[in-house]
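Enquirer: Given chain A, put chain B in place with the hints provided.
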Amino acid sequence: MAAGYVIVGWNRFKRAYDGVLLAGLAAFLAAHAGAGILLAPAGQHPSEVQLLIRASGAAAFSLLTIILCIGPLARLTPRVLPVLYNRRHLGVACFAAALVHGGLVVLWYHGFSEVNAFVSLLISNPRYGSFGGFPFESLGALALLILFVMAATSHDFWNHVLGPRLWKWIHMSVYAAYGLLVGHVMLGAVQGEKGLAQAALAGGSALLVAGLHIVAGQLERRRDRAVDGPPEGEGWLDAGPAEAIPDGRAVILVPPMGERIAVFRDGAKVYAVANACRHQGGPLGEGRILDGCIVCPWHGFQYRPEDGCSPPPFTEKIPTYRTRITGGWVFVEPSPQPPGTPIAPSIAGEAG
Amino acid sequence: MADDPFFVGWRGELAGPTRRGLLAAGAGLVAGAGALGLGLGAAAPHPGPGVWDQGRKVAVTGTIYPEPYLHLLTEDLGNGLRPVFLVGAGKDRISVRPALTFTGAAVTGTLIQRGEHAMMAVEGIYPDPAPGRLRPGPETDLGDAVMTGEILDAKCWFGAMRPGHGKTHKACAALCARGGLPLAFGETGRCGDGKAALLFLNERGRAFGPGVWPLVADPVMVRGRIFEVAGLRQVRVKLADVTRL
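If you read the protein sequences in the order shown, they are chains A and B.
Quick note on my numbering: the first sequence kicks off at 1 and runs consecutively.
Quick note on my numbering: the second sequence kicks off at 353 and runs consecutively.
Hint data in this document are derived by calculation from the structure and do not stem from the laboratory.
Please read these numbers as outputs of a predicted model, since none were measured by experiment.
We put the beta carbon where it would ideally sit given N, CA and C, even for glycine.
It is possible that part of the hints are untrue.
Claimed, not checked - Below, a sample of chain B positions facing chain A; criterion: calculated Cβ distance under 10 Å:
# : residue
1 : L381
2 : W404
3 : A441
4 : T520
Isolated chain B, as found in the complex:
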């Protein structure tokens, strides 16, 4: 029966040609699976250079401002005065005692950084008179702009997730927006290249409400005005001037 090519599985024996064929097919299948995985993995897009080193705790001092998103204005990270957005470990905003705002404070936690953008997953906030009250300085009006791109949840795009943009990330971005985390705007084609994103604010320079939630992570065109505050660019847009493409 060993040379009978008819296969009966429960016998547990295979005809010689069948056995040799299956051995070759099995080896080919494993090699093919590896090659297919390699090809598909190589073709996947790269998410950009954002980093969240959760093993490295840091302490940063500066002045906490609650608007437009909770942030610490600091000089500790180099490049002069710059904002570091303050968030929790998850997808919801954190609250801070009013007594700790507009005055010197030390914040401990882990840094989420992408290029010149920085955010902190906060573990503790303490009074610290050393830095004094740092002020953002005057805002610079850089004029009107029309841009196409994507409304990003800044935490993920800064490096909390890699990739932290695009359609597959929409559900996460929607949760982050709902949770009150900072939103940013990335121009088309630049979401993954690590270049600057703009803080995304309403026409009054404040955080958006629920109206913007459905639009995050979708391709959109925005018509607004660009400002620079404490080295960070913002685009201020009326919700009606955000058009889904």
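Bound-form chain A, shown alone:
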């Protein structure tokens, strides 16, 4: 979505983002493979295909770790939001690296035989009941399948076709993919010749991702509690004094039942809308009002505060909430209006 209400194409920022991504990926692969060749005793380096298998696998795992750190980091500091904006490009690059890794493994280790490569995948190590002998490759294959579904549906076209709820559910499976990959790397390292250092690195990455999510979650809960006052007599939620809401920004309420509510102030006008963006569930309450529209901090989706509708030609709608101001204090009716319902703003400074 764009300021001129036209579909966004490639801009300088996107090109720079992808340039850095490709440069980083190339640096990683070149350094990984280069170290494998140059630091090995003469004539003892791994074969080129096996170097690429190692490097692409490590790149995919590292990329996915970075991807999963971006979300909580963006909650901790808005400086990370520009990185989150095109995070899907990282996801597609991660899938590409994983596909190279998995494809070469199938070709190299399961190919060149009269046995079909995909049959070989199933029969080469059937010890699913053993920890020490468990075919760790199967965990990687499952993760690759999930990453494929995510990469294939990453475009907003699929968000529109599948609906944001199903789309989000599909893309939350990235955590399952990451869990499988951590198992794939750790089990492979423990069983194989690479030893405990690699397993510790994978485990440390998983702890980092989990730790960041816990910290971001705690921060959000603290923010929620700070504005979650006791309901007024009629059940309306207390959003605090109107002047405590920064101009053009919002506070976020957590009703006893239902979804979070973003309460915005635009000059003297106070509006309340659902906190979840219709696009990917981004936290609208952490966004701001620009050019008269609420702008989601994740991908810049816009909504008019007075009716929760995206400006034409876009058609996204979010629920709105009734508000009122009593003695300078903002109250919000906890039950939402249907998405796109116009609600007149409450005016700060008017007698309540």
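Expert: Then chain B, alone, in the frame of chain A:
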């Protein structure tokens, strides 16, 4: 708006501090990615000195024996009489006309070598009376042994793949074993050092059947007897005496 720190991606413009921060982060990311790749690549284990020079065709003469694995007994490679195992380009055994066995033959192809071990990816086999019928000589019984290590697919360990051992190579080793390629035994800690592996045979000195396939590339303990034939050591083991660790 250029100084507004709130980021809106579709605008394509960044506030000064945000732009400077992102430039620094981008440069740091590329440098960090290189450093991480370097560290991980440097930490990867080395596969050992096996070589398969597929660009150098050779012709080796000697006598072909079909058991325990198809091999050519030759004096062409130095170090006296020694066996060169004969395989195809992939993971399956090759067949040879009976008329070409137990008699002089010339084999063309590419050599797969690791230390004193040799194998040939065969392109052609022709009658050649010149070497005559070379014989392996008597076998030497070197006594009982208990060893821990890994059942290797010899082709990959000799140099067809680098690395050609370990858990990540298990699927390939299983295919090579299934395809009838020679199996070897590498003691723990020596799989990657290029030292000798022993030809891995059953208690009758023959190739194993399907019972051994699930055990390849796993850490195992074997209790068997060691022999030396034509300069190559063998360990002969009952399948029941192979214990997965």
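Enquirer: None of the hints should be skipped; say for each whether it holds.
Expert: Outcome of the hint check:
The interface hint given for B/L381 is met, as the beta carbon of that residue sits about 5 Å from the closest beta carbon of chain A, less than 10 Å. This hint holds: B/W404 has a C-beta 9 Å from the nearest C-beta of chain A, less than the 10 Å allowed. The restraint placing B/A441 at the interface with chain A holds, with a minimum CB-CB distance near 7 Å, inside the 10 Å limit. Residue-level restraint check for B/T520 holds (minimum Cβ-Cβ distance to chain A is 5 Å; threshold 10 Å).
Checked against the numbered hints given earlier, this structure breaks none of them.
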